[in-house]
Amino acid sequence: MMHIDRGLGAGRRAAALAIAVALVAAPTALAQSSAAEGIAKYREALQDGNPAELWEARGEGLWKEPRGPAKASLEQCDLGLGAGVVKGAYAQLPKYFADADRVMDLETRLVWCMVKLQGTSDADARKNPFGNGTDRKSNIEALVAYITSESRGVKMNVSLAHPKEAQMYKVGDKIFYFRGGPHDFGCVTCHGADNQRIRLQDLPNLTKVEGAQKAYTTWPAYRVSQGELRTFQWRLNDCFRQQRFPELEFGSDASIALTMFLAKNANGAAFDAPAIKR
Amino acid sequence: MTARRILFAALFAAILVGCATSPSDDRISVDASTMLKSSFKARGQAGLDRLDQDDTQRLCSEAAGKTPPREVAERIEKQNLATIQYPADGKLVGDWKNGEKIAQEGRGKQYSDDPAGPVGGNCYACHQLAPQEVAYGTIGPSLYRFGKLRGYGIEMQRYAYGKIFNSEAFAACSTMPRFGHNGILSEQQIKDVTALLMDPASPVNQ
Amino acid sequence: MADPMKIRASLVGDTTEVKVLMSHEMETGQRKDAQGVVIPAWFIQTVTVTHGGKTVLAAQWGPAVSKNPFVSFKFKGGAKGDKVTIAWADNRGDKRTDEATIA
Amino acid sequence: MDRKRRQVLKSGGGVTLLTLVAAAGWLRPGDAAAQSWNKAAFDTKSMADTMKALGGGEPVQSKDIVFFQTPDIAENGAVVPVGIISNIPNTESIAVLIEKNPNMLAAVFDIPPGTEPSLSTRVKMGQSSNIYALVKADGKYFVAAKDVKVTLGGCGG
Numbered sequence: 006m007m008h009i010d011r012g013l014g015a016g017r018r019a020a021a022l023a024i025a026v027a028l029v030a031a032p033t034a035l036a037q038s039s040a041a042e043g044i045a046k047y048r049e050a051l052q053d054g055n056p057a058e059l060w061e062a063r064g065e066g067l068w069k070e071p072r073g074p075a076k077a078s079l080e081q082c083d084l085g086l087g088a089g090v091v092k093g094a095y096a097q098l099p100k101y102f103a104d105a106d107r108v109m110d111l112e113t114r115l116v117w118c119m120v121k122l123q124g125t126s127d128a129d130a131r132k133n134p135f136g137n138g139t140d141r142k143s144n145i146e147a148l149v150a151y152i153t154s155e156s157r158g159v160k161m162n163v164s165l166a167h168p169k170e171a172q173m174y175k176v177g178d179k180i181f182y183f184r185g186g187p188h189d190f191g192c193v194t195c196h197g198a199d200n201q202r203i204r205l206q207d208l209p210n211l212t213k214v215e216g217a218q219k220a221y222t223t224w225p226a227y228r229v230s231q232g233e234l235r236t237f238q239w240r241l242n243d244c245f246r247q248q249r250f251p252e253l254e255f256g257s258d259a260s261i262a263l264t265m266f267l268a269k270n271a272n273g274a275a276f277d278a279p280a281i282k283r
Numbered sequence: 040m041t042a043r044r045i046l047f048a049a050l051f052a053a054i055l056v057g058c059a060t061s062p063s064d065d066r067i068s069v070d071a072s073t074m075l076k077s078s079f080k081a082r083g084q085a086g087l088d089r090l091d092q093d094d095t096q097r098l099c100s101e102a103a104g105k106t107p108p109r110e111v112a113e114r115i116e117k118q119n120l121a122t123i124q125y126p127a128d129g130k131l132v133g134d135w136k137n138g139e140k141i142a143q144e145g146r147g148k149q150y151s152d153d154p155a156g157p158v159g160g161n162c163y164a165c166h167q168l169a170p171q172e173v174a175y176g177t178i179g180p181s182l183y184r185f186g187k188l189r190g191y192g193i194e195m196q197r198y199a200y201g202k203i204f205n206s207e208a209f210a211a212c213s214t215m216p217r218f219g220h221n222g223i224l225s226e227q228q229i230k231d232v233t234a235l236l237m238d239p240a241s242p243v244n245q
Numbered sequence: 050m051a052d053p054m055k056i057r058a059s060l061v062g063d064t065t066e067v068k069v070l071m072s073h074e075m076e077t078g079q080r081k082d083a084q085g086v087v088i089p090a091w092f093i094q095t096v097t098v099t100h101g102g103k104t105v106l107a108a109q110w111g112p113a114v115s116k117n118p119f120v121s122f123k124f125k126g127g128a129k130g131d132k133v134t135i136a137w138a139d140n141r142g143d144k145r146t147d148e149a150t151i152a
Numbered sequence: 153m154d155r156k157r158r159q160v161l162k163s164g165g166g167v168t169l170l171t172l173v174a175a176a177g178w179l180r181p182g183d184a185a186a187q188s189w190n191k192a193a194f195d196t197k198s199m200a201d202t203m204k205a206l207g208g209g210e211p212v213q214s215k216d217i218v219f220f221q222t223p224d225i226a227e228n229g230a231v232v233p234v235g236i237i238s239n240i241p242n243t244e245s246i247a248v249l250i251e252k253n254p255n256m257l258a259a260v261f262d263i264p265p266g267t268e269p270s271l272s273t274r275v276k277m278g279q280s281s282n283i284y285a286l287v288k289a290d291g292k293y294f295v296a297a298k299d300v301k302v303t304l305g306g307c308g309g
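Sequences listed follow chains A, B, C and D, in order. For any residue, its number in our numbering is found by taking its place in the first sequence, counting from 1, and adding 5. For any residue, its number in our numbering is found by taking its place in the second sequence, counting from 1, and adding 39. For any residue, its number in our numbering is found by taking its place in the third sequence, counting from 1, and adding 49. For any residue, its number in our numbering is found by taking its place in the fourth sequence, counting from 1, and adding 152.
In case anyone wonders, no lab produced these hints; they're calculated from the structure. Please note: incorrect hints may appear among the correct ones.
[Unchecked claim] Here are the simulated DMTMM-like pairs of lysine to aspartate or glutamate, each with C-alpha atoms no more than 20 Å apart in a straight line:
#1 LYS80(B) - ASP53(A)
#2 LYS301(D) - GLU172(B)
#3 LYS301(D) - ASP207(A)
#4 LYS80(B) - ASP129(A)
#5 LYS144(C) - ASP52(C)
#6 LYS132(C) - ASP143(C)
#7 LYS169(A) - GLU172(B)
#8 LYS215(D) - GLU268(D)
#9 LYS105(B) - GLU170(A)
#10 LYS301(D) - GLU65(A)
#11 LYS123(C) - GLU268(D)
#12 LYS69(A) - GLU172(B)
#13 LYS46(A) - ASP195(D)
#14 LYS144(C) - ASP140(A)
#15 LYS123(C) - ASP53(A)
#16 LYS92(A) - ASP53(A)
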């Protein structure tokens, strides 16, 4: 939770100052442009320097550096396009991996590679999926930033050819509509209709291709409100928190099923992340 | 291998694949339910029992975001109508100022929330209410001038209170939480939110 | 140890455009943690950009500069292949220097 | 230039002005290695003091200072992009001040000859407020302001 200095300066609206300010202030365009346009301009202005690049750079280093008990890099990790192929890999995930006999998203595949190639224990590999500040940086988030950046501009192309992939998609579809908890919420509560917003935040309609494409291709993202790079696993985790559900486990089957549902629905759109969001 | 055996094997394989690719819808629902149970962990005040659906939640999940068939909708509404408990003192309209605070408050029931901390209705997340608050959502209809447009009579008070207590009694598979039925808001809090909608002095009705 | 900066220096006509992202908390000293204890201020105080031994930008910052700071500016006199060096120092005495080649 | 500065300080008399002007004037190219941080300037808490101290048209409001990439509305006050161009000849430094922040001064950039008097960065804003661009050119001070509204939005948790 951000606690920026809200309210701390509230008592300092000196009258003398107000006069000076009124004289100095340039005419604001606020009156002419709607709030929505203003926020669109704000988002545009943020695009110029996305701190996600700091995560991408750290992730590339982590990918190439020999690490873990086996002192091996991740460069031989097969993300679905063959050992070591990073370019375009994210645009066709999640997918079925025969070696694990499981449908995996990027994060679970990374954990798999850390265990198999670097000799890291499974528990250690999945220990810190969501970072928090300098003292608790997440290697997973950095690796995801790097790998996803290598799919920028690549068209989403997720396959359901394997029966387990098709099954994951169908279960993800079901989970999307699953309502529960004290508030009866489900994903569909906020993401099942066009042109809706929560407070002032626009909500993508994830039951439609355009909505799924726009949402899925812009994660991961540098979250301005947190000063952190957040992955799609984080996005799902925090949605369920706000749905008043228990905690979605990192890399769980339900998380992969939902990712599969949304990624497949985003097929055909060019991937455009890491992005920067409010 | 005889031609017959090859044919048989091919048929068998086709059946297997067929089973794997198109299991029945019920089967998928069971799989989803099982998968959810194994994919979440209890944290803070949010236990795994929150994944156990009641009849309404199950039927509305099956409706998959659409309006359920009429007989199902009627069943849901009837069941939920029976749960509404009106205040014993007969007073339905509380303090709109508290109601406004409850409408603004987004916390409550999340695993990240202090179980002893505030629990709100977060009404502004989905509804326009008092015109002074511009940061309102649009998942639900605008409630600006709710009482002014509909009248301040006892029947409308009962509707407003009942709708907040259990929205499913009036519109099956509504996206709105059942604040009273599910113990999110207390009786007094529901009275106060009712006042925000129904008190002629409330900013909502100006 | 702070992460490296991300520096882009590109020549457009006779002008070198520099864009830099720095990895830093930029903690204001006004926030409290979950226990209500004030998180001490921690922020970059000085930034110096040099090219060919000459300072092309020097800055002093307070904690109101955003977390993971970004700065973009332009100077004349750079050539492709030249190095641009950026150094920062924070209020804890931590320092970092990185360089980039003008492209 | 030193004489000019002393004059400003003498006429003003306010501590905040003194420190602010000092911050904008003390950074010089070549001194970078020994660059120090002006604590007093960054501790300035009230723009009113500064304005009072500035008196007599100092700093001068200027239409030659232009904001770019600075939104009218910021969705999140933690990151507000600010771009400033000074079209005033011989611009030596550009400072960014946030009127309603607990400490007003956010950043001072020294612009040596050869560097364009134009830069962009990002600042934190605790609430809707004016952003001031304070420019020093030929030893004189100029200022422009832009009103930025901060919305906090979100779903409460």
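So which hints don't hold here, by number, going up?
-> 1, 6, 7, 9, 10, 12, 13 and 16
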